[in-house]
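Visitor: Listed below, chain by chain, are the residues.
Number of protein chains: 2
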Amino acid sequence: MAPSKISWGARLRPPPPPISKSDHEFLQMGLEFMSSRDGIRVSELNELFDKVGFPRRDPERLKVALDNTHRLVWVRATKQSRVARLGQLLGFARATSDGVFTATIWDVAVAPAWQRVGLGRAMMERLTRGLVEDGIPNITLYAEPQTIASC
Amino acid sequence: MAPSKISWGARLRPPPPPISKSDHEFLQMGLEFMSSRDGIRVSELNELFDKVGFPRRDPERLKVALDNTHRLVWVRATKQSRVARLGQLLGFARATSDGVFTATIWDVAVAPAWQRVGLGRAMMERLTRGLVEDGIPNITLYAEPQTIASC
Numbered sequence: 446m447a448p449s450k451i452s453w454g455a456r457l458r459p460p461p462p463p464i465s466k467s468d469h470e471f472l473q474m475g476l477e478f479m480s481s482r483d484g485i486r487v488s489e490l491n492e493l494f495d496k497v498g499f500p501r502r503d504p505e506r507l508k509v510a511l512d513n514t515h516r517l518v519w520v521r522a523t524k525q526s527r528v529a530r531l532g533q534l535l536g537f538a539r540a541t542s543d544g545v546f547t548a549t550i551w552d553v554a555v556a557p558a559w560q561r562v563g564l565g566r567a568m569m570e571r572l573t574r575g576l577v578e579d580g581i582p583n584i585t586l587y588a589e590p591q592t593i594a595s596c
Numbered sequence: 446m447a448p449s450k451i452s453w454g455a456r457l458r459p460p461p462p463p464i465s466k467s468d469h470e471f472l473q474m475g476l477e478f479m480s481s482r483d484g485i486r487v488s489e490l491n492e493l494f495d496k497v498g499f500p501r502r503d504p505e506r507l508k509v510a511l512d513n514t515h516r517l518v519w520v521r522a523t524k525q526s527r528v529a530r531l532g533q534l535l536g537f538a539r540a541t542s543d544g545v546f547t548a549t550i551w552d553v554a555v556a557p558a559w560q561r562v563g564l565g566r567a568m569m570e571r572l573t574r575g576l577v578e579d580g581i582p583n584i585t586l587y588a589e590p591q592t593i594a595s596c
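Protein sequences, first through last, are from chains A and B. Note that the first sequence covers residues 446 to 596 in our numbering. Note that the second sequence covers residues 446 to 596 in our numbering.
Hints may be right or wrong, so weigh each one.
Identical copies carry no separate label here, and so any pair may be met within one copy or between two of them.
What the hints assert, rightly or not - Subject to a maximum C-alpha distance of 25 angstroms in a straight line, what follows is the list of computed SDA-like cross-link-like pairs (lysine to any residue): (1) Lys466 <-> Asp503; (2) Lys496 <-> Asn583; (3) Lys508 <-> Thr585; (4) Lys466 <-> Glu505; (5) Lys508 <-> Ser467; (6) Lys524 <-> Ala588; (7) Lys508 <-> Gly544; (8) Lys508 <-> Pro582; (9) Lys496 <-> Pro582; (10) Lys508 <-> Gly575; (11) Lys508 <-> Ile584; (12) Lys466 <-> Pro582; (13) Lys508 <-> Asp579; (14) Lys524 <-> Asp503; (15) Lys496 <-> Pro462; (16) Lys496 <-> Gln560; (17) Lys524 <-> Tyr587.
Everything labelled a hint here was simulated from the structure, so no lab data went into it. Being a predicted model, the structure only gives us computed values, none of them experimental.
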């Protein structure tokens, strides 16, 4: 007899979401996706938050928040250019989670000079792909109304 | 010069939310609020989820999720009665969090026989009070539409 309800936690994994633009394509644009918190400078992350209209955060507390973040993705510039320093943090997104059932995505930010090239979408695709690979079925996004409007 | 933006992480703590019905009043009803995961039986939690229409979860994965939960509140029966066994789990709610800036409340459940006595509200008040005391300024609730309707 088949169970009448789907059990969370059973291995009912949906396929990972598609990636609309490859890492290789972004590399050609001078952009690289990073998934480790190592290498993120909190001061630079605060600069990015400031540029997109998010409040700056206390640096020590921001470090704790990153440590308690289940997954994150950030984008760094692999080329020096008119709109980026070499290594500059140009995009960021992170997800808190119980590691099993639920995750919430917060702090999705793309530097204004790099908006409208698909970077926000690319970060979301990579972040949700990671969460789906972790077996997490319930993923939500937290965003302020003006953030949604600018996506 | 005053900063033009409010900095998250500064000690700008709002007062904790009011408690509309005291622990003492609930004790007189035979109900006690617990904030430790110790003493929760996962099988009983799954029974509660089932009663309110949530899917049952894999027990081992549910334990991991509880371990990765920042704060939780649950309600146990302190009196044997027609509608409760002594010690029975009658309500539950939990919050994931980065411990600093953001928290999401999930899995708010009240046993049907104990709905409409203010138990859901009481759990939310105690859970959000704890999160506010942790200094977390951004608290969201995840709920299915039918859950909202039955609150």
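Visitor: Since the copies are identical, ignore which copy is meant and state whether Lys508 and Ile584 lie within 25 angstroms (CA to CA) inside a copy, between copies, both or neither.
Guide: Classified as both; 23 angstroms inside a copy, 19 angstroms across copies.
Visitor: I want to check one pair: Lys508 and Asp579. Are their C-alpha atoms no more than 25 angstroms apart within a copy, between two copies, both, or neither?
Guide: both (23 angstroms within a copy, 16 angstroms between copies)
Visitor: From the Cα coordinates, with 25 angstroms as the cut-off, is the pair Lys524 and Asp503 best called within, between, both, or neither?
Guide: neither (30 angstroms within a copy, 47 angstroms between copies)
Visitor: From the Cα coordinates, with 25 angstroms as the cut-off, is the pair Lys466 and Glu505 best called within, between, both, or neither?
Guide: neither (35 angstroms within a copy, 37 angstroms between copies)
Visitor: Are the CA atoms of Lys466 and Pro582 at most 25 angstroms apart within a copy, between copies, both, or neither?
Guide: Within one copy, since 24 angstroms is at most 25 angstroms while 36 angstroms is not.
Visitor: For Lys496 vs Asn583, is the C-alpha pair at or below 25 angstroms within one copy, between two copies, both, or neither?
Guide: Result: close only across copies, 20 angstroms inter versus 30 angstroms intra.
Visitor: Cα distance capped at 25 angstroms. Does Lys496 pair with Gln560 within a copy, between copies, both, or neither?
Guide: within (12 angstroms within a copy, 47 angstroms between copies)
Visitor: When no copy is named, should Lys508 and Gly544 be tagged within, between, both, or neither for a Cα gap of at most 25 angstroms?
Guide: So Lys508 and Gly544 pass the 25 angstroms test inside a copy (20 angstroms) and across (11 angstroms) alike.
Visitor: Pop the pair Lys508 and Thr585 into one bin, within, between, both or neither, using alpha-carbon distances up to 25 angstroms.
Guide: Both, since 23 angstroms and 22 angstroms are each at most 25 angstroms.
Visitor: Which holds for Lys508 with Gly575 at a C-alpha limit of 25 angstroms: within a copy, between copies, both or neither?
Guide: Both ways: Lys508 and Gly575 sit 22 angstroms apart in one copy and 22 angstroms across, limit 25 angstroms.
Visitor: From the Cα coordinates, with 25 angstroms as the cut-off, is the pair Lys524 and Ala588 best called within, between, both, or neither?
Guide: neither (30 angstroms within a copy, 44 angstroms between copies)
Visitor: Within a copy, between copies, both or neither: which one fits Lys508 and Ser467 at a CA-CA cutoff of 25 angstroms?
Guide: Cα proximity of Lys508 and Ser467: none, with 30 angstroms in one copy and 37 angstroms across.
In this structure, the hints that do not hold are numbers 1, 4, 5, 6, 14, 15, 17, in rising order.
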